[in-house]
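Novice: As you go down the protein sequences, you meet chains A and B in turn. Residue numbering for the first sequence follows the working numbering, beginning at 1 and increasing consecutively. Residue numbering for the second sequence follows the working numbering, beginning at 1 and increasing consecutively.
Source of the hints: derived by calculation from the structure; they are not laboratory data. Any given hint could turn out to be false.
[To be verified] 16 Å max Cα-Cα, derived EDC-like pairs, lysine to aspartate or glutamate: (1) Lys49(A) to Glu136(B); (2) Lys138(B) to Glu51(A); (3) Lys2(A) to Glu51(A); (4) Lys63(A) to Asp28(A); (5) Lys2(A) to Glu17(A); (6) Lys37(A) to Glu18(A).
[As the list claims (entries may be wrong)] Between beta-carbon pairs, the in silico distance windows are: (7) Gly28(B) to Arg39(A): 49 to 59 Å; (8) Trp35(A) to Gly29(B): 50 to 60 Å; (9) Glu62(B) to Ile15(A): 21 to 31 Å; (10) Arg85(B) to Glu17(A): 40 to 50 Å; (11) Pro41(A) to Gly29(B): 47 to 57 Å; (12) Arg12(A) to Gly41(B): 22 to 32 Å; (13) Gly23(B) to Lys37(A): 50 to 60 Å; (14) Asp39(B) to Pro79(A): 40 to 50 Å; (15) Ile3(B) to Ala44(A): 39 to 49 Å; (16) Pro79(A) to Gln87(B): 21 to 31 Å; (17) Glu62(B) to Pro41(A): 30 to 40 Å; (18) Ala8(B) to Gln60(A): 45 to 55 Å; (19) Pro79(A) to Ile3(B): 22 to 32 Å; (20) Val20(A) to Ala66(B): 49 to 59 Å.
Every residue gets a Cβ at the ideal spot worked out from N, C-alpha and C, and that includes glycine.
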Amino acid sequence: MKLIYFAWLRERIGIAEETVTPPASVTDVTSLIEWLKGRGPGYALALAKPEAIRVAVNQQYRKGPAPIAASDEVALFPPVTGG
Amino acid sequence: MAIVRVQAADFDTGAELDALTRGRRDVGGVASFTGLVRDFGGSGDAAMTLEHYPGMTERELEAIAAEAVQRWGLQGVLIIHRYGRLQPGDRIVLTAAAAAHRQAAFDACMFLMDWLKTRAPFWKLEETGDERHWVEAKASDDDAAAKWAK
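Build the full structure now, drawing on both the sequences and the hints.
Specialist: Shown next, in the form of structure tokens:
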């Protein structure tokens with residue numbers, strides 16, 4: 001699974017993207033975020049408030065219970081501030 | 001006709017608006033919005049860096065443009081958004097809607113910006129001297145976008 005991070009999430013986690021193989025218990029966006037929190041202090045800091053995080057699966061917005069698969073590109077980022 | 005561009009380079013607002021209606025006889029009016037970098041620091045050394053999600057950004061902007069065309073029956077729609085490091089006074093974004101009548105053009109142009117603000121994956125980093133911070137999303141932008149819910 002390809003993970004991509006943007007803005008302050010990227011800075012707190014310390015990398016822009018990575019490829020991961022989560023355990024079988026990770027089946028949706030909510031469980032992915034919970035699993036990522038345990039990967040280190042940067043992740044825990046970046047993901048402390050899941051309600052402040054927006055998620056795109058294969059470049060489309062998704063919310064908590066949305067299912068994810070190993071072949072997906074999952075992006076995590078703060079609420080957008082363009083324009 | 002929808003034109004969507006995401007680019008680091010500046011754009012020529014007048015030339016872009018001319019191109020939108022060149023050779024057309026069915027357009028009654030064009031409404032446009034140009035967004036600029038404000039000097040948020042006030043100390044003269046402010047800079048703004050826009051980060052984006054290549055691929056998804058274009059996809060979201062194209063969906064917003066298509067929605068505007070469908071809702072207002074536009075003859076043309078234009079969205080140009082820059083990324084990278086910008087200075088106060090620099091252009092950030094241009095949206096324009098070409099329609100037979102002014103009301104559709106005004107409404108569609110406002111809709112383009114309201115949806116872009118809450119959906120297009122861009123993030124602003126403001127820097128003043130040694131200080132830097134990521135701009136926070138505003139609840140008022142969510143409220144503005146919610147006005148257009150069907």
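Novice: Give a verdict on every hint.
Specialist: Going down the list of hints, with the structure as the test:
1. Lys49(A) to Glu136(B): Holds. Lys49(A) to Glu136(B) sits at ~14 Å (cutoff 16 Å).
2. Lys138(B) to Glu51(A): 15 Å, holds
3. Lys2(A) to Glu51(A): 22 Å, violated
4. Lys63(A) to Asp28(A): Cα-Cα ~9 Å, so holds.
5. Lys2(A) to Glu17(A): 7 Å, holds
6. Lys37(A) to Glu18(A): 15 Å, holds
7. Gly28(B) to Arg39(A): 49 to 59 Å: Holds, since Gly28(B) and Arg39(A) (Cβ atoms, about 57 Å apart) stay within the stated range.
8. Trp35(A) to Gly29(B): 50 to 60 Å: Holds, at about 53 Å.
9. Glu62(B) to Ile15(A): 21 to 31 Å: 29 Å, holds
10. Arg85(B) to Glu17(A): 40 to 50 Å: 21 Å, violated
11. Pro41(A) to Gly29(B): 47 to 57 Å: 55 Å, holds
12. Arg12(A) to Gly41(B): 22 to 32 Å: 24 Å, holds
13. Gly23(B) to Lys37(A): 50 to 60 Å: Holds: the Cβ-Cβ distance is about 56 Å, inside 50 to 60 Å.
14. Asp39(B) to Pro79(A): 40 to 50 Å: Hint violated: Cβ distance 24 Å, outside 40 to 50 Å.
15. Ile3(B) to Ala44(A): 39 to 49 Å: 43 Å, holds
16. Pro79(A) to Gln87(B): 21 to 31 Å: This hint holds: roughly 25 Å between Cβ atoms.
17. Glu62(B) to Pro41(A): 30 to 40 Å: 39 Å, holds
18. Ala8(B) to Gln60(A): 45 to 55 Å: 25 Å, violated
19. Pro79(A) to Ile3(B): 22 to 32 Å: 27 Å, holds
20. Val20(A) to Ala66(B): 49 to 59 Å: Given a distance of about 34 Å, which is not inside 49 to 59 Å, the answer is violated.
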